[in-house]
Amino acid sequence: MKKYFETAKVLFKAQLVYRFDTITSIIFTISKVFLAYVLWGAIFGKQSVVSGFTFNSMLSYYIISSFINQLDQSSSTGWQISNEIRNGGFSKYIIKPMNIFGYFTAQTAGVSAFLLFFNLTAAVIWIFIFRVDFAITSNGWYIQSASVLILLGLLFMMQLNYFIGILAFKFLDTGIFMMIKDNIVQFIIGSLIPLALLPSGIIKTMTFFPFYYVSYLPTMLLLGRNGNEIFSGIVILLFWNAAFGLLISITYKRLKSRYDGVGI
Amino acid sequence: MRITRQLKIIYMLLKMKLSRNMAFRFSFFGVFFVDGSLFLIQLLMFSTIYSQVGSIGGWDRSQMLFFIGTFSLINALNMFLYFFGVISIPGKIKSGELDLYITKPVNSLFHLSFESMDIGSLPLVFASIGILVYAASGMHKQITILTIIGYAFLVFMMLVLYYDMEVILRTIPFFVIQASSIERLEGEVITLCMKIPGTLFKGAFKFLFYLVLPYGIMATVPTQFFAGTLTLVGFVYSILIAIAFTAFTFAFWKLGLKCYKSASS
Amino acid sequence: MNIIHTKNLTKTYIRFEKEEGLRGSIKSLFKREKIVKTAVNNFNLEINEGEFVGLIGPNGAGKTTLMKMLTGIISPSSGTISVLGYVPNELKNAYKKQFSIVMGQKSQLFQDLSAADTFLLLKEIYDIPEDEYRKNLKYFIDLFSIADYLNVQVRTLSLGERMKMELVAALLHNPRILFLDEPTIGLDAVAQKQIRGFLKEVNREKGTTILLTSHYMDDIKSLCKRCIVVNNGCKIYDGNLEMLFDRYQTHKMITVTFDEATSYIHDFNVQIIERNPFKLSFMAYRKDVRHIINCIMTECEIKDISIEEEDIGNVVERIYSDKGGALIEEIF
Numbered sequence: 029m030k031k032y033f034e035t036a037k038v039l040f041k042a043q044l045v046y047r048f049d050t051i052t053s054i055i056f057t058i059s060k061v062f063l064a065y066v067l068w069g070a071i072f073g074k075q076s077v078v079s080g081f082t083f084n085s086m087l088s089y090y091i092i093s094s095f096i097n098q099l100d101q102s103s104s105t106g107w108q109i110s111n112e113i114r115n116g117g118f119s120k121y122i123i124k125p126m127n128i129f130g131y132f133t134a135q136t137a138g139v140s141a142f143l144l145f146f147n148l149t150a151a152v153i154w155i156f157i158f159r160v161d162f163a164i165t166s167n168g169w170y171i172q173s174a175s176v177l178i179l180l181g182l183l184f185m186m187q188l189n190y191f192i193g194i195l196a197f198k199f200l201d202t203g204i205f206m207m208i209k210d211n212i213v214q215f216i217i218g219s220l221i222p223l224a225l226l227p228s229g230i231i232k233t234m235t236f237f238p239f240y241y242v243s244y245l246p247t248m249l250l251l252g253r254n255g256n257e258i259f260s261g262i263v264i265l266l267f268w269n270a271a272f273g274l275l276i277s278i279t280y281k282r283l284k285s286r287y288d289g290v291g292i
Numbered sequence: 014m015r016i017t018r019q020l021k022i023i024y025m026l027l028k029m030k031l032s033r034n035m036a037f038r039f040s041f042f043g044v045f046f047v048d049g050s051l052f053l054i055q056l057l058m059f060s061t062i063y064s065q066v067g068s069i070g071g072w073d074r075s076q077m078l079f080f081i082g083t084f085s086l087i088n089a090l091n092m093f094l095y096f097f098g099v100i101s102i103p104g105k106i107k108s109g110e111l112d113l114y115i116t117k118p119v120n121s122l123f124h125l126s127f128e129s130m131d132i133g134s135l136p137l138v139f140a141s142i143g144i145l146v147y148a149a150s151g152m153h154k155q156i157t158i159l160t161i162i163g164y165a166f167l168v169f170m171m172l173v174l175y176y177d178m179e180v181i182l183r184t185i186p187f188f189v190i191q192a193s194s195i196e197r198l199e200g201e202v203i204t205l206c207m208k209i210p211g212t213l214f215k216g217a218f219k220f221l222f223y224l225v226l227p228y229g230i231m232a233t234v235p236t237q238f239f240a241g242t243l244t245l246v247g248f249v250y251s252i253l254i255a256i257a258f259t260a261f262t263f264a265f266w267k268l269g270l271k272c273y274k275s276a277s278s
Numbered sequence: 002m003n004i005i006h007t008k009n010l011t012k013t014y015i016r017f018e019k020e021e022g023l024r025g026s027i028k029s030l031f032k033r034e035k036i037v038k039t040a041v042n043n044f045n046l047e048i049n050e051g052e053f054v055g056l057i058g059p060n061g062a063g064k065t066t067l068m069k070m071l072t073g074i075i076s077p078s079s080g081t082i083s084v085l086g087y088v089p090n091e092l093k094n095a096y097k098k099q100f101s102i103v104m105g106q107k108s109q110l111f112q113d114l115s116a117a118d119t120f121l122l123l124k125e126i127y128d129i130p131e132d133e134y135r136k137n138l139k140y141f142i143d144l145f146s147i148a149d150y151l152n153v154q155v156r157t158l159s160l161g162e163r164m165k166m167e168l169v170a171a172l173l174h175n176p177r178i179l180f181l182d183e184p185t186i187g188l189d190a191v192a193q194k195q196i197r198g199f200l201k202e203v204n205r206e207k208g209t210t211i212l213l214t215s216h217y218m219d220d221i222k223s224l225c226k227r228c229i230v231v232n233n234g235c236k237i238y239d240g241n242l243e244m245l246f247d248r249y250q251t252h253k254m255i256t257v258t259f260d261e262a263t264s265y266i267h268d269f270n271v272q273i274i275e276r277n278p279f280k281l282s283f284m285a286y287r288k289d290v291r292h293i294i295n296c297i298m299t300e301c302e303i304k305d306i307s308i309e310e311e312d313i314g315n316v317v318e319r320i321y322s323d324k325g326g327a328l329i330e331e332i333f
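Note that the protein sequences, when read in sequence, are chains A, B and C. So for the first sequence, our numbering puts the first residue at 29; every next one is plus one. So for the second sequence, our numbering puts the first residue at 14; every next one is plus one. So for the third sequence, our numbering puts the first residue at 2; every next one is plus one.
Chain A on its own, in the form it takes in the complex (with noise of 0.2 Å):
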């Protein structure tokens, strides 16, 4: 276990050198909401509620679920996976004497860790800059089932974007598969709209799904809201969760002989 932990830490320290974007990029999070107060504004003008949201609380969701959001970096540790395959410098991985997924995921850790202070300060000044009256919940057991959820969440986007990179294997471009999947991510992780906005059908198809609890229940739990549905969403990323672990381990075993076999 140690190993794993010494490898977030030094991805942790590697930040500080390299990812001055990355911190940029948490910067950028302000678009996000200000797209937000910006159209939301607008609609709000007209009547107060929409989808049991007031103008407060809609803000609010905003700026909770861009933290969230930021810390899955799981989708650039994808990227990096199927690079290295492609080019060959997934050899020094195989090597190692660790789990290839456990090092991926510490090193994941590590620079979400890393983002974490960032991200809370990005947060505060966005809540003061908009001067966002922050509907944050005081609920105790809310906030700690959020926090399962959330790290659930973060092991199931981990395994989804492990999955997808080691399929470069057995694909060319999987670039394709990243991008695709990126897009469709945000929207049904709830980052680009409160998913409550949608038809009840199709909310309902939603859960079933692990995206649902990613970020939007632990997003709608921070808000005080959704607690009815704790139990179900730890099940259900539970179950994809397993899910994936056991086709992430057939999938490399059968793409990996494929990998010798061409020999790179």
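Keep in mind that the hints were calculated from the coordinates and are not lab data. Some hints here could point you the wrong way.
Said to hold, decoys possible - So the derived label-pair ranges between C-beta atoms look like this:
| # | chain 1 | residue 1 | chain 2 | residue 2 | range |
| --- | --- | --- | --- | --- | --- |
| 1 | C | 106 | A | 153 | 38 to 48 Å |
| 2 | A | 236 | B | 17 | 50 to 60 Å |
| 3 | B | 173 | A | 231 | 37 to 47 Å |
| 4 | A | 31 | B | 263 | 50 to 60 Å |
| 5 | A | 121 | B | 189 | 32 to 42 Å |
| 6 | B | 173 | A | 172 | 46 to 56 Å |
| 7 | B | 217 | A | 172 | 38 to 48 Å |
| 8 | C | 186 | B | 20 | 33 to 43 Å |
| 9 | A | 115 | C | 175 | 35 to 45 Å |
| 10 | B | 216 | A | 126 | 53 to 63 Å |
| 11 | B | 143 | A | 126 | 45 to 55 Å |
| 12 | C | 223 | B | 263 | 43 to 53 Å |
| 13 | B | 143 | A | 229 | 22 to 32 Å |
| 14 | B | 276 | A | 84 | 48 to 58 Å |
Stated by the list, open to error - Facing chain C, a subset of chain B residues (Cβ under 10 Å, in silico):
| # | residue |
| --- | --- |
| 15 | 22 |
| 16 | 25 |
| 17 | 26 |
| 18 | 29 |
| 19 | 32 |
| 20 | 33 |
| 21 | 108 |
| 22 | 110 |
| 23 | 113 |
| 24 | 115 |
| 25 | 121 |
| 26 | 267 |
| 27 | 271 |
| 28 | 272 |
| 29 | 273 |
| 30 | 275 |
Heads up, the beta-carbon is just placed ideally off N, CA and C, and yes, glycines get one too.
Position chains B and C relative to chain A; hints supplied.
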């Protein structure tokens, strides 16, 4: 004579790009799916938001939909024509690959811009037109040939303006080394203002998105024209902005070339 | 006719230094250490139409920078350039149609298409009339014997084949000046020799002025009559190549072998390379060679003797280490 030669070169570049794409069949279709998914998501997002209320900033539902169609159209045309060429510029400045473009007797900016046309985006152009037609049919409005010509002309001018903005931001790497956050900023600003009806901006924001970074007018002005709410001042203003930015873009590019350092390989 | 002309040409770069780490990055936002580097310094150059000029110098001497200024890719910091009557950095199309540049490390061919595809594009870009295009293409196909892989994906060509294609691409529009930056880099001896042959032919048949930089002394020796040596941005020699070698190839290498063990000792001013009872090999000044050989021949019983030109590497090293402009010799 000059124009026909330029068009001929564009045609050659398109043909070569096509054959290059054919060499990678998977990518060829892949690009379509990538662009298509992005298109759908955006459409879904904005129609969901705008469906929450009956009218926004004085625009009713069909006008809103027409607005969505317009920015989709500008965006799709941008991707089809020059987006992939323009975004490759910073990399080519950094690697020194620009050398080969500079020494050719064709305008280097022109060559770079139209070298990577993306056929995969063409279906999106048609999809956008589909949305426009659908939205227009809900507007209960007499549509004359003049409306269509005027609209098409404004879309063209705004496409030029969009191009200018895209190029200006990608010319900055001539002067500074690290410019990746500038591009990032662009992406965010576009999501922000091109997709919000410009009529919603007030005060400082209006100044910012109508004059400094005129993304705010790009989809708004053609939509206003089509709906018959564009004033003559607004019409002239948007044309002048497009012309001014184009002149600035060319001057800025020229200045950039003067400062080009040409990294040695 | 004088077609390239530069006066006091200078190019300086400003570089910024940044301390490492996040702290350094933040600090550099406010205050940066400036370093001025002079890549080309007060360079005066005259080249006549039809010449084949070699530009040599160690890495970072300023050869490529000079070439980039001549082609207009970068602008000079001070001084004037005139090429074919144009100021290169004004980037006039009329000028660009009259020269070509081939950089060994940058390809202008589309990797995923055939060379013939790129040629067609170049035909449009350079506005080459149909019949001239056909004629030129045929001429180069025959000259380079590349008919077989004209329609093959460039990616699959060998480096030598690719370089031939690059040259054809550069020459299709009959440029008056051809700039070549390390065209033979990475090529094997056979391909190098072929490329040299073509360049010679193009220079002779078409009268194309060629300016060549290369790290391979063989390239320069077999192609260029005139040679310019650059070091630290300054011109340290400009003139006839043979005279350059005359001046710097100061030593000969002499090897004598003996039938019987011999311990010949004499206080010649030589540098011993190898010495054992049956063999003696050393470097001697050219002017002393005659005398030394005479002495050895008369005083010893020798089995064999060989007198060779000094290794080219030594000569080059000696040329580069010669600082300053004292040796500039204008012969034109």
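So, going through the hints one by one against the coordinates:
For residue 106(C) and residue 153(A), the hinted distance range of 38 to 48 Å is satisfied, since their beta carbons lie about 47 Å from each other. The beta-carbon spacing between residue 236(A) and residue 17(B), approximately 59 Å, falls within the hinted interval of 50 to 60 Å. A hinted range of 37 to 47 Å for the beta carbons of residue 173(B) and residue 231(A) is consistent with their spacing of about 42 Å. For residue 31(A) paired with residue 263(B), a C-beta distance near 56 Å keeps the hint of 50 to 60 Å intact.
A hinted range of 32 to 42 Å holds for the C-beta pair residue 121(A) and residue 189(B), which are about 35 Å apart. At roughly 55 Å, the beta-carbon separation of residue 173(B) and residue 172(A) lies within the given 46 to 56 Å, and the hint holds. Taking 38 to 48 Å as the suggested C-beta distance range, the pair residue 217(B) and residue 172(A) conforms, at roughly 42 Å. Checked against the hint of 33 to 43 Å, the pair residue 186(C) and residue 20(B) passes, with Cβ atoms roughly 38 Å apart.
Range check, residue 115(A) to residue 175(C): about 41 Å between beta-carbon atoms, so the 35 to 45 Å window is met. Between residue 216(B) and residue 126(A) the beta carbons are some 56 Å apart, a value that agrees with the proposed interval 53 to 63 Å. Between residue 143(B) and residue 126(A) the beta carbons are some 52 Å apart, a value that agrees with the proposed interval 45 to 55 Å. Separated by about 46 Å at the C-beta atoms, residue 223(C) and residue 263(B) satisfy the suggested range of 43 to 53 Å.
About 25 Å separates the C-beta atoms of residue 143(B) and residue 229(A), a value consistent with the hinted range of 22 to 32 Å. Checked against the given bound of 48 to 58 Å, the beta carbons of residue 276(B) and residue 84(A), roughly 51 Å apart, stay inside it. Look at residue 22(B): its Cβ gets to within about 5 Å of chain C, closer than 10 Å, so that hint holds up. For residue 25(B), the interface hint holds, the least distance from its beta-carbon to any beta-carbon of chain C being 5 Å, beneath 10 Å.
Annotation: interface hint on residue 26(B) holds; nearest CB of chain C at approximately 7 Å, less than 10 Å. Interface restraint check for residue 29(B): the shortest CB-CB distance to chain C comes to about 6 Å, inside 10 Å, so the restraint holds. Against a cut-off of 10 Å between C-beta atoms, the interface hint on residue 32(B) holds, since the closest Cβ of chain C lies about 6 Å away. Here the hint on residue 33(B) is kept, as its CB sits about 5 Å from the closest CB of chain C, short of 10 Å.
Below 10 Å, beta-carbon pairs count as interface contacts, and residue 108(B) has one with chain C at about 9 Å; its hint therefore holds. Annotation: residue 110(B) was flagged as interfacial toward chain C, and the flag holds, the nearest CB pair being 7 Å apart, inside 10 Å. With a cut of 10 Å, the hint placing residue 113(B) at the interface with chain C holds, because the nearest CB-to-CB distance is about 5 Å. A distance limit of 10 Å between C-beta atoms decides the matter here; for residue 115(B) the minimum to chain C is near 5 Å, and the interface restraint holds.
Hint on residue 121(B) holds. Least Cβ distance to chain C is approximately 8 Å, under the 10 Å limit. Evaluation of the residue 267(B) hint against chain C yields a held restraint, the C-beta minimum of about 8 Å falling below 10 Å. Using the Cβ-Cβ criterion of 10 Å, the hint placing residue 271(B) at the interface with chain C is satisfied: the shortest such distance is roughly 5 Å. For the restraint placing residue 272(B) at the interface with chain C, the shortest Cβ-Cβ distance is roughly 8 Å, inside the 10 Å limit, so the hint holds.
Restraint check, residue 273(B) versus chain C: the minimum CB separation of about 6 Å is within 10 Å; hint holds. Interface hint status for residue 275(B): upheld, as the beta-carbon distance to the closest one in chain C is roughly 5 Å, under 10 Å.
Violated hints: none; the structure is consistent with every hint.
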